[in-house]
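Chains as they are written, first to last, in the numbering used here: chain A, 1 to 328; chain B, 329 to 656; chain C, 657 to 984; chain D, 985 to 1312.
Mixed in with the good hints there might be a few duds.
Think about it this way: if two alpha-carbon atoms lie no more than 27 Å apart in a straight line, the pair counts; the simulated BS3-like pairs of lysine-lysine are [said to hold, decoys possible]:
no., chain 1, residue 1, chain 2, residue 2
1, B, 595, B, 531
2, B, 420, B, 489
3, D, 1228, A, 161
4, C, 900, B, 595
5, A, 244, C, 923
6, C, 923, D, 1251
7, D, 1228, B, 572
8, D, 1145, A, 244
9, B, 572, C, 817
10, A, 203, D, 1228
11, B, 572, C, 923
12, A, 267, D, 1251
13, C, 900, A, 267
14, A, 244, D, 1076
15, D, 1228, A, 267
16, B, 595, D, 1228
17, C, 900, B, 531
18, A, 244, D, 1251
19, C, 923, A, 267
20, A, 106, A, 92
21, D, 1187, D, 1145
22, D, 1251, B, 595
23, B, 595, A, 267
24, A, 203, A, 244
25, B, 489, C, 900
26, B, 572, C, 859
27, D, 1076, D, 1090
28, B, 595, C, 923
29, A, 161, A, 92
30, C, 748, C, 762
The hints are simulated quantities; they were obtained by calculation from the structure and are not laboratory data.
Number of protein chains: 4
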Amino acid sequence: MLNIGILGCGRIGQVHAGSIAGLANARVSAVSDAFPAAAEALAASHNAQVSTTEQIIADPAIDAVVIGTPTDTHYDLIHQSARAGKAIFCEKPVDMSADRIRDCIKVVEENNVAFLTGFNRRFDPNFAHIQAAIRAGDIGDVEILTILSRDPSAPPVEYIKSSGGLFRDMMIHDLDMARFMLGEEITQVFAVGSSLVDPEIGKAGDVDTAAVTLTTASGRICQISNSRRATYGYDQRLEVHGSKGMLRAENLLENNVEMATADGFAKAPAQHFFLERYQAAYSVEMAHFVDSVLAGTPPAPSIHDGLQAQILADAAALSLETGAPVNL
Amino acid sequence: MLNIGILGCGRIGQVHAGSIAGLANARVSAVSDAFPAAAEALAASHNAQVSTTEQIIADPAIDAVVIGTPTDTHYDLIHQSARAGKAIFCEKPVDMSADRIRDCIKVVEENNVAFLTGFNRRFDPNFAHIQAAIRAGDIGDVEILTILSRDPSAPPVEYIKSSGGLFRDMMIHDLDMARFMLGEEITQVFAVGSSLVDPEIGKAGDVDTAAVTLTTASGRICQISNSRRATYGYDQRLEVHGSKGMLRAENLLENNVEMATADGFAKAPAQHFFLERYQAAYSVEMAHFVDSVLAGTPPAPSIHDGLQAQILADAAALSLETGAPVNL
Amino acid sequence: MLNIGILGCGRIGQVHAGSIAGLANARVSAVSDAFPAAAEALAASHNAQVSTTEQIIADPAIDAVVIGTPTDTHYDLIHQSARAGKAIFCEKPVDMSADRIRDCIKVVEENNVAFLTGFNRRFDPNFAHIQAAIRAGDIGDVEILTILSRDPSAPPVEYIKSSGGLFRDMMIHDLDMARFMLGEEITQVFAVGSSLVDPEIGKAGDVDTAAVTLTTASGRICQISNSRRATYGYDQRLEVHGSKGMLRAENLLENNVEMATADGFAKAPAQHFFLERYQAAYSVEMAHFVDSVLAGTPPAPSIHDGLQAQILADAAALSLETGAPVNL
Amino acid sequence: MLNIGILGCGRIGQVHAGSIAGLANARVSAVSDAFPAAAEALAASHNAQVSTTEQIIADPAIDAVVIGTPTDTHYDLIHQSARAGKAIFCEKPVDMSADRIRDCIKVVEENNVAFLTGFNRRFDPNFAHIQAAIRAGDIGDVEILTILSRDPSAPPVEYIKSSGGLFRDMMIHDLDMARFMLGEEITQVFAVGSSLVDPEIGKAGDVDTAAVTLTTASGRICQISNSRRATYGYDQRLEVHGSKGMLRAENLLENNVEMATADGFAKAPAQHFFLERYQAAYSVEMAHFVDSVLAGTPPAPSIHDGLQAQILADAAALSLETGAPVNL
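Produce the entire structure from the sequences given, and follow the hints as far as they go.
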C-alpha cells in the first residue's frame, strides 16, 4: 500500500486522486492546495487528510507526492520532496528551463528517489500498444513517424503569453511521443509555423499552426503538425511506417454509432476534452507509478525524458526564429 | 472470339454490350430490339449489325445470345435459341413460373447449350471473394448468414402490380445469394412482411418491408431483410458467421472521402444506382460467360439455379400468405 | 447520499460496488454473502460493513439494495426488501417464471418501492445513443431492427442444463433490447434453432445457434440471431432501419490500433469479456438507479420490462418447440 | 468526335487508348511505336491505323496526340505537334529540365494548342472530390496539408540512376498535388531524406525515404513523406486541415471484405499496381482532355503546372543537398 500526498487539488490533482482511488495498492493520504476549499472537497470525497504542502513533505507516513501545482512551483517542490525521500510524480513540464530541469535531475539523483514525468500520452492504450508492437518487431525498423495533433480550440491569448509558446506548451507532448516511438535520439529539428487560427496569437509573438521535421542519426524521419484549433474535436493521431509494415492510431470519438441518411454516413466528433480523451491513459500512468515505486524499479518517462522533450521544444522554437534547421 | 447477338437494347442490353466491348475474346456482332432506334444506337457505338431477333437466332455466325428483353418473352426466346444451338445468357428471372422454367430446362438440356442465369450479384468482387473464402475453409462451417438488402426507393406502384411481388422481384436476388453462400439446399422458408414505405403498395396486395428466415437440413440459418426504400442509397450487405470466424461485405459509397466538422465525421451515401453499384459484377459476369462458352465448360449460375431461386420466392410468398413456415 | 446494501458479493456484486464507489451521491454501506470471505473482501476495499442479508434489509439506515445473488433467491429477497421499503436494483432475470415475476410485481407495487431490472445493455452508451436518436426522430419511423449477438464461447453444458435454455439465458437480453428499440409491443414471435457449436448442448435439449423474428401490430420487424460462439470476441451489434435513415452500433475492439502488413490491414478482436465490454453500461446503469431513487422518479427498465422479456423468451422457446409462430 | 493519335504503345499508351475507347466523343485513329509489334497489337484491338510518329503529326485528320514515349523524346514531339496544331496530352514529366519545359511552353503558346500535363492523380475521384470541396468552402481556409505517399516497392537501382532522383521521379506527383490542394503558390521548400529501403539506392546517390515541408506566403503548411516501399500496397493518402474542418482520402483496398477470426478483424492490402489504383483517374483525365479540346477550353493541369512541379522537385533536391530551406 502506497500512501500518497496530492500537492495541488485543481483539475489535474483531482484526476490523479481518482486514479489512485481505483487502485488496490495505493491511497490518497493527504492533500494540500493554496485554496483551502479545493483541498477540503478533494479530501472529503477520498476520506483523506487536509494538510499543508510542508506537512505532507515532512510526514514520514507519506511515501510519494503528486505535484500538480503551477509549473513555476515544480522546481522547489521537487527539491524539497527529493530531499525528504519521497517518490515524485510530477506533471509536465518539469520546468520551463532546461537548466533548471538539470538542477532537478541532480537533486533527484543525489537523493535516489523515484521520479515520473507526467507525459500521460505514453500510457494511452493505443499509443502504448503501438510502441510495444514496434519493440516486438511487428513492423521491422522504424522509418517514418507521422504525428497529427490538434487541440479543439485555442486557449485565451493571455494563457498563450505565459505558456512558453506552442512548441513548449503543446508540441512538447508530440516531441516526447516522437522520442518514445523513434527509439533513437533526435539529431536535427526544423520548424515552420504561422498564425492562422487567431491573429492575436500572432501579435503575442507565438504561432498557432506549426510543423516540425525531426531526423535521427540513422536517418529516421518524423513529421509533426499542430494546430490550436480542430472543429471536430481533440485530434490525436499518429502512425509509424516501418520496413515490414505500418501501425496507426486513429481518433477516439464521442460514441461509435453510425447514422446513415440521405446526406451519407455520419459519426460523432472526436472526444473534445483532454481529460476525457486521456482518461484511460491517466489511470494506467498512475498504476505504473505506484507499481514501480512499490517494486523499487524506476518509473518512466523519467526526469531525463522531461529534459529531452524540453530541449527539443527549445530547438524547435529556435529553428522557427532562425528559419534554419537546428542540430543537436 | 465469341460472336454475340444482343436481344433487347434497353438499359441492361447496353450494359452487357459494354462488358463485351471490354473483352478481347468476344464481340457484339448483331443487336435487335422492338424499337429500331434503340438497336441502331447500340449498333453504332459498337460497330455491330442491326438485325431482327429471328435473323440473329438463325445466323450460324452467331455463337451466343444475350436475352435482355421483357421477362414474358424469355420463354420463347430460350426455346428458339436453344434449338438453334446458341449459348444463352438470360437475364433474371428466367420466367415468373417455376413450371415454365422447368420447360426451359428441358429444351436447354435436350439441345445441350450453355446457359447462364443473370444473377449478377454472385459476380460482385466482394461477394465472390466471400464465397471463395468460405469454400477455402477460412471461416470453417457456415452457421448463420445475414443479408441486409434495401433498394434506394420504391418503384411505381404500377410496376409493383406486374412485378410478381417483393419476393419474386426483389428478394429473389437475396434468395439466390443465400443458396450461393449457404452451400446447402434450403428446406424451410418463413416470411413476414408489411407495407410501411408506401401504402399504395399495400393496397396493391404487396409488401415493401419483409424478412425471411431460411433453414437447411443441417441446421444452418439465414436471415434476410428487405426494404423498398433506403434514404442512404442502395444498401447491399451480407455477412457469414462460421465456426472459425466471420466474413462480411459492407456497402460501396459514392466516394471514400471523409469530412470532419463540428458535426462529426461524414462520408458519402452508398451508391444509389444498381448499374453503378454492380458495374464490376456485370463485367466479371460476362467474362465468365464468354470464357465458359469458349472453354466448353458450363457457366454458373445455371438455369437450375434460376429455378431454385424462383421456388424459394414462391415459398416465401406462400409463407407470408399463410402465416406459417413452408417446408420444401 | 444514498446508502446501499449489496446482497451477493460475487462478480456482479463487485461490479456494482465499484460503480457506486465512482458516484458522489451514493455509497456502499453494507454487504452480505453466503461466503463470509467474499463479503469481507468487498467490505474492506469499500470501507463498508460486513452484515447479513437479514440485517441489511432490516436496517433503516439502508435506502436501497442491490440483489446480485443466484436467480432462485430473487423472489424471496424482492418480497422482503419491498416490504422493508427498500429501493431495489435486481439483476436479470427477475425470476425464471413469468408467474412468479407477476407475484414480485404485486409486492413491489403494493409497497411502492423503486425497482430496476438489470438489463445493463440499455445503458451501453452506443445503444442508448441510438435509442435516444430514434426517440428524437432522427431516422423517422422504425421499420426493421437487426440484432446480431454472439457470445465468445459456449458455457459448460452443466450450466446450460440449469440455464433455462438459450432464449431465457442469452437471447433475453436481445429481446429486451428489441422492446427498447422498437417502441411498440411485440405481437408475434417465430424462432428457429440448431446445435452447431457443441453437440453436447443439443443432447442436453438446448440450441446454441438461433434466430428469431419478431413483429409488432403496426408491422415493424425485428430479426435477432444468436450464437454461443464467436472466435473474434463478444459480438454485440444492432442496427435500426427507419423511414428517414439508419442507425447502427458496431463492436468495441480490444484496442483501436490498425496494423498494415503484406497480409493487409488488421485490427484487434472484439472485447471478449462481458464485464469489460459493458463496463461503461454498468456505471451508467447504477448512476441512473441512484439518481432516480434520490429524485423519487421510477428507474427503468422496470420490473414490468423484466416480465415482458421473460414472456418473449418463453414464446420463443415455444415457437422452437412447435415449429410455428406464437402470437402474443 | 475527336481523332487521336497515340505516340508510344507501351503500358501507358495502352491505358490511354482504353480510356478513349470508353468515350463516345473520341476515337483512337492511329498509333505509332518504335516497336512495330506493339503498335500493331494496340491498333488491332482498337480498330486503328498503324502509322509512324511523323505521319500522325502530319495527318490533318488527327486532332490530338497522346505522348506516351520516353521522357527524353517529349521535347521534340511537343515542338513538332504544337507546330502541326495538334492538341497535346503529354505524360509527366514534360521534361527533366525546367528550362527545356520553358521552351516547350513557348512553342505551345506560340501555336496556341491545347496542352494537358498528365498528372493523373488530380483526376482520382477522391482527390478531385476533396479539391472541389475545398473550393466550395466546405472546410474554410486551408491551413495544413498532409500527404502520405509510398510506393509498394523500390524500382531497380538501374532505373533510379536515370530517374532524376526521388523528388523528380516520385515526389513530383505529390508536389503537384500540394499545389492543387493548397490553392496558393509555394514559397519555401525544405527536404530531408535517407536511404533506408535499399542501400544500393543510397550508393547511387539517391534517397528512398524522404520528407518535405512546403510553406506559402500566407503561412499555409504542407508536409509530404515518401517511401519507396510499403509492404501493404501502394499507399496514397492525403488530408487537408482547414479552419472549418478536415477532409481526407484513405487508401483503396484490393477488396472491401472484412474477415474476423481469433486474430481480430482483417481487410485486404491496398491495391498494389498504380494502373489499377488510378484506373478511374486515367479515365476521367482523358474524358476531361477530350471534352476540353472539343469545347475549346484549356485543359488542366497545364504545361505551366508541369513546370511548377519540376521547379519544386528541383528545389527539394537542392534543399536535401544543402541541408537548408530553399526559397522560391
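Exercise for the section: Kindly indicate which numbered hints from before are broken by the structure, ordering the numbers from low to high. Expected result: As far as the earlier hints go, 1, 7, 14, 24 are violated by this structure, in ascending order.
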